[in-house]
Amino acid sequence: NAGVTQTPKFRVLKTGQSMTLLCAQDMNHEYMYWYRQDPGMGLRLIHYSVGEGTTAKGEVPDGYNVSRLKKQNFLLGLESAAPSQTSVYFCASSQGAEGTQYFGPGTRLTVL
Amino acid sequence: KQEVTQIPAALSVPEGENLVLNCSFTDSAIYNLQWFRQDPGKGLTSLLLIQSSQREQTSGRLNASLDKSSGRSTLYIAASQPGDSATYLCAPFNDYKLSFGAGTTVTVRA
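So the protein lines, in turn, are chains A and B. Take the working numbering: the final residue in the first sequence is number 112, and no numbers are missing along the way. Take the working numbering: the final residue in the second sequence is number 110, and no numbers are missing along the way.
Hints were generated in silico from the structure; no laboratory data involved. Computed from a predicted model, the values in this text were never measured in an experiment. Heads up, none of these hints are tricks.
Distance ranges between label pairs, derived from CB positions:
{"id": "1", "chain 1": "B", "residue 1": "GLN54", "chain 2": "A", "residue 2": "ARG108", "range": "34 to 42 Å"}
{"id": "2", "chain 1": "A", "residue 1": "ARG108", "chain 2": "B", "residue 2": "PRO82", "range": "23 to 31 Å"}
{"id": "3", "chain 1": "A", "residue 1": "GLU30", "chain 2": "B", "residue 2": "PRO82", "range": "32 to 40 Å"}
{"id": "4", "chain 1": "A", "residue 1": "MET41", "chain 2": "B", "residue 2": "VAL13", "range": "23 to 31 Å"}
{"id": "5", "chain 1": "A", "residue 1": "MET27", "chain 2": "B", "residue 2": "TYR31", "range": "13 to 21 Å"}
{"id": "6", "chain 1": "B", "residue 1": "PRO40", "chain 2": "A", "residue 2": "ALA56", "range": "25 to 33 Å"}
Even for Gly, the Cβ is constructed at its ideal location relative to N, Cα and C.
Work the whole structure out from these sequences, hints included.
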């Protein structure tokens, strides 16, 4: 039981490049989330999904897109990376809306 | 918008001392509240989840209380150990999301 895994662990991009972060969970959870963590800002919700095929905007969705084609996977895309998107990205999942959220190990992204 | 404040921002104690970490939040209409631990460069580990109908929750040396009406939660860690050194985050849940404070960074000296 791996829990929540994230790929890749580290990535460096140049401004304007695109990339996709992958989150996978093996707990059969319905809800999945993407957060970013920045010094002095805490963790902020980017997008979330309440089930396969659904997505919704969180607190800071601009510049990101997401997809949930399979229940176990939640993808976060950056179409045109900007230096302001330099951050640590965390994925989380939970069984229900109010259940315990379990977090992945994070992806450290640097945009030059 | 939910605002979460954690006091103190940092804490250094000798091994064996009890820890008291405070969390306050502005919107009391929450469904639950989670306490997390984060080690440097790592993800978040869930410690406790308190439902809005509960007053406290315990797990081993950890005890968390919740006073929803006043917008406060406190995490108590008994008989601290060097392995307890980490950043502790409080996160109330409402509007389909957790809102996080900046955390309390704890150092337990051997």
